[in-house]
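Chains A, B, C and D, in that order, are what the protein sequence lines are. Per full-length UniProt numbering, residue 1 is the first one in the first sequence, and the count goes up by one each step. Per full-length UniProt numbering, residue 1 is the first one in the second sequence, and the count goes up by one each step. Per full-length UniProt numbering, residue 1 is the first one in the third sequence, and the count goes up by one each step. Per full-length UniProt numbering, residue 1 is the first one in the fourth sequence, and the count goes up by one each step.
Bear in mind the hints are in silico, worked out from the structure with no lab data behind them. Misleading hints may appear alongside valid ones.
It does not matter which identical chain is meant; a pair holds if it fits inside one copy or across any two.
[Unchecked claim] Taking lysine to aspartate or glutamate and the EDC-like style, the derived pairs with C-alpha atoms no more than 16 angstroms apart in a straight line are: (1) Lys-216 with Asp-142; (2) Lys-216 with Asp-20; (3) Lys-221 with Asp-88; (4) Lys-36 with Glu-64; (5) Lys-150 with Glu-129; (6) Lys-133 with Glu-35; (7) Lys-7 with Glu-129; (8) Lys-7 with Glu-67; (9) Lys-234 with Glu-35; (10) Lys-181 with Asp-47; (11) Lys-224 with Asp-20; (12) Lys-133 with Glu-3; (13) Lys-36 with Glu-143; (14) Lys-36 with Asp-109; (15) Lys-216 with Glu-137; (16) Lys-133 with Asp-215; (17) Lys-216 with Glu-143; (18) Lys-36 with Glu-3; (19) Lys-18 with Asp-49; (20) Lys-221 with Glu-141; (21) Lys-221 with Glu-129; (22) Lys-7 with Glu-64; (23) Lys-181 with Asp-154; (24) Lys-18 with Asp-33; (25) Lys-216 with Glu-141.
4 protein chains.
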Amino acid sequence: MLEALKKEVYDANMQLPKLDLVTFTWGNVSGIDREKGLFVIKPSGVDYDQLTPADMVVVNLKGEVVEGKLNPSSDTPTHTVLYNAFPDIGGIVHTHSPWAVSFASAEMDIPNLNTTAADTFYGDIPVSEALTKAQIETAYEDETGNAIVKTFADRGIDHNAVPAVLVAQHGPFAWGATPAKAVYNAKVMEVVAEIDYHALTLSHRDSHVPQYLLDKHYYRKHGKNAYYGQNNPKSNAHK
Amino acid sequence: MLEALKKEVYDANMQLPKLDLVTFTWGNVSGIDREKGLFVIKPSGVDYDQLTPADMVVVNLKGEVVEGKLNPSSDTPTHTVLYNAFPDIGGIVHTHSPWAVSFASAEMDIPNLNTTAADTFYGDIPVSEALTKAQIETAYEDETGNAIVKTFADRGIDHNAVPAVLVAQHGPFAWGATPAKAVYNAKVMEVVAEIDYHALTLSHRDSHVPQYLLDKHYYRKHGKNAYYGQNNPKSNAHK
Amino acid sequence: MLEALKKEVYDANMQLPKLDLVTFTWGNVSGIDREKGLFVIKPSGVDYDQLTPADMVVVNLKGEVVEGKLNPSSDTPTHTVLYNAFPDIGGIVHTHSPWAVSFASAEMDIPNLNTTAADTFYGDIPVSEALTKAQIETAYEDETGNAIVKTFADRGIDHNAVPAVLVAQHGPFAWGATPAKAVYNAKVMEVVAEIDYHALTLSHRDSHVPQYLLDKHYYRKHGKNAYYGQNNPKSNAHK
Amino acid sequence: MLEALKKEVYDANMQLPKLDLVTFTWGNVSGIDREKGLFVIKPSGVDYDQLTPADMVVVNLKGEVVEGKLNPSSDTPTHTVLYNAFPDIGGIVHTHSPWAVSFASAEMDIPNLNTTAADTFYGDIPVSEALTKAQIETAYEDETGNAIVKTFADRGIDHNAVPAVLVAQHGPFAWGATPAKAVYNAKVMEVVAEIDYHALTLSHRDSHVPQYLLDKHYYRKHGKNAYYGQNNPKSNAHK
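Sequences are here, hints too, so could you generate the full structure?
Here you go:
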C-alpha cells in the first residue's frame with residue numbers, strides 16, 4: 001500500500017540526521033497522497049539507523065491508522081490537522097533542531113533579516129501563541145495543529161509563502177509540496193535561526209530586509225517569474 | 001565476572017565520544033548489578049579507542065575494587081555514594097561536556113524552557129552548592145557525591161524525575177535505569193544546555209514552561225499513561 | 001572549450017562543501033581566462049554531489065552564455081561586473097556562509113582584530129551600502145556588483161589587499177588570483193567572522209590591530225618581502 | 001638525523017587537524033632533543049595532507065637550520081626563544097584555534113572557572129601585553145617569544161604549571177614535556193576558552209575556582225600525589 005510514498009517519506013526522514021536536524025529520534029516526516037486521502041508517517045521513537053520504508057505507518061485524514069504494525073509518531077494528530085487545514089501541502093516535518101527551539105523557547109519569531117531567509121520565506125517565521133492549560137490537557141497534539149493554523153489565520157500569513165512555524169515553548173514544524181521540500185524548508189529555518197541569533201546579538205537593532213529585497217529574492221526562486229536553478233520558468237536553460 | 005554487565009558498560013562508555021560528550025578521556029560510565037551489590041566502571045584515563053570490555057573494573061558498594069587490573073575512574077567514590085543513596089538507579093555517567101560545564105561554571109541551573117527539556121526532565125536540572133574547602137581537602141570525590149545527594153534532598157527533587165545534576169564549578173553527572181539510559185540523559189542535558197544558553201541570551205527573561213506543559217510532555221514519555229514510542233503502556237502498537 | 005579552466009573551477013566549487021561554506025546549492029565559484037575574455041561558472045541550483053566539470057558554463061564579459069547546456073548561476077551578472085571592474089582577479093566566489101551572513105545582516109564590517117585576519121586581509125572586510133529599491137527592481141545582480149565596486153572606490157580600499165566584501169542584507173563575495181585562492185579567502189573571511197563575533201561580544205570595545213601589526217602580518221605573506229611558506233621571495237627555502 | 005623525533009613531531013602535527021585546532025596550514029608543532037641541543041619543526045605553509053616525517057626541519061638553539069630542504073615554520077624564532085627560556089619543556093605548539101584567538105583579540109586571560117581548566121592549568125592562561133611598534137618592526141617572531149617569557153616573569157607564573165599563553169592580538173602557544181603533551185595542552189586551552197566564553201556571557205560575574213579546588217584538581221593529575229590515570233604515583237593500579 002502506497003509503497004512509492006513510503007519510500008519517499010522514508011528517504012525524507014533519513015535526511016534529518018544527515019542534515020543535523022535531529023538528536024536521537026526527535027523528528028518525523030510525513031507525506032500525503034491527496035487522491036487517496038491517506039498520509040504516511042514515521043513510526044514513534046524508532047532509531048533512524050533501524051528504520052526501513054516498510055516501517056512507515058499509513059494514516060487517514062481522521063488521524064486513524066489504516067496500515068502499519070508500529071505506533072505512528074505521537075505527533076500524528078498535529079500532522080492530521082495541518083493536512084486538513086492546508087489542502088495544498090504534500091509533506092510535513094517536525095524536529096527539535098536546536099537553533100529553532102531556542103527561538104521557540106524565547107517565544108520570538110525568526111525574523112527575515114537577509115536574502116538567505118528571503119530566498120525561501122516570504123516574511124518572518126512566526127511563533128505561535130503558547131497553548132493554554134485546557135488545550136494541553138484535552139487534545140494536546142490536535143491543539144498544537146490548531147495553534148499553528150490560528151497563527152497563520154490571525155496574522156494573515158500565507159502558509160505556502162512562509163512554509164514553517166515555531167510552536168511556542170516547543171519547536172519547529174515545516175511543510176512543502178513534497179516531503180523532501182518540507183525537510184529542505186526545515187533546514188533553511190535552522191540555518192536562518194543560527195544566522196539571526198548572531199546578527200541580533202551583534203547589532204541589537206531591527207535589521208529586517210526591506211519589502212523590495214524580500215520580493216526580489218523570494219520571486220527569484222518562486223512563481224511564474226522565477227529564474228534561479230534549472231527548472232524555473234525564466235531560467236536560461238529553458239529559453 | 002559480570003561479563004554481560006562489563007559489555008553493557010563498555011558499550012555505554014563508547015557512546016560518549018560518538019555523541020560528542022567527551023574530549024580525550026574526560027568521561028566515565030558505570031553500571032550496577034543490584035543483586036550482587038557490585039558495579040562496573042571505566043578505568044581511569046584510558047583512551048576510548050584502546051578500551052575493551054575486559055578493562056572494566058568491578059567495585060563493591062564500599063568503593064573497593066573487587067576485580068580488575070586497572071585503576072578505576074578517579075570519580076569512583078562519587079559513583080559509590082550515588083548508588084548507595086539512589087537505590088533504584090542502574091547506571092551513572094560523568095562527563096565534561098562543554099555546554100553543561102558552562103552552566104556549572106556560572107553556577108546556574110539548566111532551566112526547563114521547552115518540551116525538549118520536559119520530555120526527559122521533570123523540572124530544572126539543579127546545580128549543587130560549591131563544595132567547601134574542608135570537603136574538598138578531606139574526601140573530595142565522596143563529598144562530590146554527598147553534595148549531589150544533598151541538592152536533591154534540600155530542594156525536594158525526585159532523582160528519578162530529574163536524572164541529572166551539575167556540580168558547581170565542575171560539571172555534569174547523569175543517571176538512569178541502565179548505563180545506556182544514563183548516557184541518553186547526559187546527551188539530552190547537553191542539548192538542552194545549548195538551547196537554553198541561546199534562548200536566555202535572546203530573550204533575557206524567565207521563559208520556564210508552565211507546569212501543565214511540563215506534565216504533558218514528561219508523562220507522554222514516562223509512567224503508566226506514556227504513549228510515545230513503541231513500548232509504552234498506551235502506545236497504539238500495544239492496543 | 002576551456003577544459004582545464006572548467007576542471008579548475010569545478011575543483012574550487014567542490015571545496016565549498018568540504019570547507020563547510022555552503023548549505024545545499026548556495027554557493028558558486030567562477031574562474032576567468034583573461035586572454036580569451038571568457039569566464040567559467042557553476043550552473044544554477046545544481047547539487048554539489050551531482051556536479052561534473054562538463055556542467056560548467058562558459059560566459060563572456062558581457063555576461064552572455066557562450067557554451068553550456070545548463071543555466072549559469074543566477075549571480076552571473078555580479079561576477080561579470082567584478083571581472084570587468086577588477087581586471088587583475090582570476091576567480092570569484094559567492095556563498096551564504098553563516099558567520100559572514102550574520103555580519104552582513106547586522107550591516108557591520110568584519111573588523112581586523114587579530115593576525116588571523118591580518119595574514120590575509122589588509123584592513124577590515126567592508127560591508128556595502130544596502131541596495132536601493134530602484135537598484136533591486138531594475139538589474140539586481142548587476143547592481144550587486146556595482147555596489148561592491150562602489151564600496152571599494154568610495155572607501156579607497158584596494159580590492160587586491162582586501163579580496164572580500166559583504167553585501168548588506170545579503171552575504172559574502174571573495175576573489176583572488178585563481179578560483180582556489182578566492183575560495184581560500186572566503187574561508188578565511190568565515191573563520192575571522194566567527195572569531196570576531198566572540199571577541200566583540202567578550203570585550204565590547206574597539207580592539208583593531210594597530211597599523212604596524214597589520215603591516216607586519218600582511219607583508220609576511222604578501223609582496224616582495226614575503227617570507228611565509230615555501231614559495232615566497234624571502235623564504236629560507238629559496239636562499 | 002633525529003628520525004625518531006621527526007616522526008614524533010610529525011605525529012603531533014597531524015593531531016592538529018584531527019583535534020580541530022587548525023584551518024589550512026595555520027599551526028605548527030616542534031619537539032626538542034635536549035642532549036643534542038636541536039629541535040625539529042614543521043616546514044612553513046605545507047598542507048597537512050601532504051606532510052611527511054622527512055619534511056620536518058632540524059634547527060639549533062640559535063634558530064639556524066641544520067638540516068632540511070624546506071623552509072621551517074615562520075614562527076621558528078619564537079620556538080627558539082621559548083626553548084632557551086624554558087629549559088625543561090620538550091615540545092611547543094602554535095595554532096590559530098578560534099576560541100583562543102577570540103580571547104587574544106579581546107586581550108583577556110582565559111580564566112580558570114572550572115575543574116576542566118584546573119585539571120591542566122594551575123591558574124588563568126595569561127594574555128601577553130601587545131607588542132610595541134619597535135618590537136614588531138625589528139625582530140617580530142623573536143619578540144613574540146620574548147613577550148611570552150616576560151609575561152610569565154612579570155606575573156610570577158610557573159610555565160610548567162600553566163603551559164600555555166595567548167599572545168595579544170595574535171593567538172595561542174602551548175608547550176609540554178613532549179610534542180604530544182604540548183598538543184594536548186593546546187586542545188584543553190581551546191575547550192576551556194569555549195566553555196569560559198559561554199560561562200562569562202551567562203553569568204557576567206567573576207566565577208573563578210577557589211584556590212583549594214584548583215589545588216585539588218591540579219594535583220589529582222600532577223606531582224607526587226597524583227592519583228588520576230594508570231601511571232601516576234598514587235593510582236590504585238600501582239598499589
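Consistency of the hints with the structure:
1. Taking identical chains as interchangeable, the C-alpha atoms of Lys-216 and Asp-142 lie at most 16 angstroms apart only when they sit on different chains, with a minimum of 13 angstroms there against 37 angstroms within one chain.
2. Taking the shortest Cα distances, Lys-216 and Asp-20 never come within 16 angstroms of each other, neither inside one copy (30 angstroms) nor across copies (27 angstroms).
3. Taking identical chains as interchangeable, the C-alpha atoms of Lys-221 and Asp-88 are never at most 16 angstroms apart, the minima being 19 angstroms within one chain and 33 angstroms between chains.
4. Taking the closest pair of Cα atoms, Lys-36 and Glu-64 come within 16 angstroms of each other only inside a single copy of the chain (14 angstroms); across copies the shortest separation is 48 angstroms, beyond that limit.
5. In this homomeric assembly, Lys-150 and Glu-129 come within 16 angstroms of each other (Cα to Cα) only inside a single copy, at 9 angstroms, whereas the closest approach across copies is 38 angstroms.
6. Taking the closest pair of Cα atoms, Lys-133 and Glu-35 never come within 16 angstroms of each other, the shortest separation being 37 angstroms inside a single copy and 44 angstroms across copies.
7. In the homo-oligomer, the alpha carbons of Lys-7 and Glu-129 never lie at most 16 angstroms apart, since the shortest distance is 35 angstroms inside one protomer and 48 angstroms across protomers.
8. Taking the shortest Cα distances, Lys-7 and Glu-67 sit within 16 angstroms of each other inside one copy (15 angstroms), while across copies they are farther apart (38 angstroms).
9. Taking the shortest alpha-carbon separations for Lys-234 and Glu-35, neither the intra-copy value of 31 angstroms nor the inter-copy value of 32 angstroms comes in at or below 16 angstroms.
10. In the homo-oligomer, the alpha carbons of Lys-181 and Asp-47 lie at most 16 angstroms apart only across protomers (14 angstroms), although the nearest pairing inside one protomer, at 22 angstroms, exceeds that limit.
11. When the C-alpha separation of Lys-224 and Asp-20 is checked against a cutoff of 16 angstroms, the pair qualifies neither within a copy, at 33 angstroms, nor between copies, at 33 angstroms.
12. In this assembly of identical chains, Lys-133 and Glu-3 lie within 16 angstroms of each other by CA distance neither inside one copy nor across copies; the values are 40 angstroms within and 49 angstroms between.
13. Taking the shortest alpha-carbon separations for Lys-36 and Glu-143, neither the intra-copy value of 25 angstroms nor the inter-copy value of 49 angstroms comes in at or below 16 angstroms.
14. Taking the shortest Cα distances, Lys-36 and Asp-109 never come within 16 angstroms of each other, neither inside one copy (35 angstroms) nor across copies (50 angstroms).
15. Taking the shortest Cα distances, Lys-216 and Glu-137 sit within 16 angstroms of each other only across copies (7 angstroms), while inside one copy they are farther apart (44 angstroms).
16. When the C-alpha separation of Lys-133 and Asp-215 is checked against a cutoff of 16 angstroms, the pair qualifies only between copies, where the shortest distance is 10 angstroms, while the shortest distance within a copy is 39 angstroms.
17. Taking CA atoms no more than 16 angstroms apart as the test, Lys-216 paired with Glu-143 passes between copies only; the shortest distance there is 13 angstroms, against 36 angstroms inside one copy.
18. Proximity of Lys-36 and Glu-3 under a CA criterion of 16 angstroms is satisfied intra-copy only: 13 angstroms inside one chain copy versus 51 angstroms between copies.
19. Taking CA atoms no more than 16 angstroms apart as the test, Lys-18 paired with Asp-49 passes in both settings, with 11 angstroms inside one copy and 14 angstroms between copies.
20. In the homo-oligomer, the alpha carbons of Lys-221 and Glu-141 lie at most 16 angstroms apart only across protomers (14 angstroms), although the nearest pairing inside one protomer, at 33 angstroms, exceeds that limit.
21. Taking CA atoms no more than 16 angstroms apart as the test, Lys-221 paired with Glu-129 passes in neither setting, with 30 angstroms inside one copy and 24 angstroms between copies.
22. Within a single copy, Lys-7 and Glu-64 get their C-alpha atoms no closer than 21 angstroms, and across copies no closer than 42 angstroms, so neither meets the 16 angstroms cut-off.
23. In this assembly of identical chains, Lys-181 and Asp-154 lie within 16 angstroms of each other by CA distance neither inside one copy nor across copies; the values are 25 angstroms within and 42 angstroms between.
24. In this assembly of identical chains, the alpha carbons of Lys-18 and Asp-33 never lie at most 16 angstroms apart, being 25 angstroms within a copy and 37 angstroms across copies at closest.
25. For the homomeric pair Lys-216 and Glu-141, the shortest alpha-carbon distance between copies (10 angstroms) is at most 16 angstroms, but the shortest distance inside one copy (37 angstroms) is not.
In this structure, the earlier hints numbered 2, 3, 6, 7, 9, 11, 12, 13, 14, 21, 22, 23 and 24 are contradicted, and the remaining ones agree with it.
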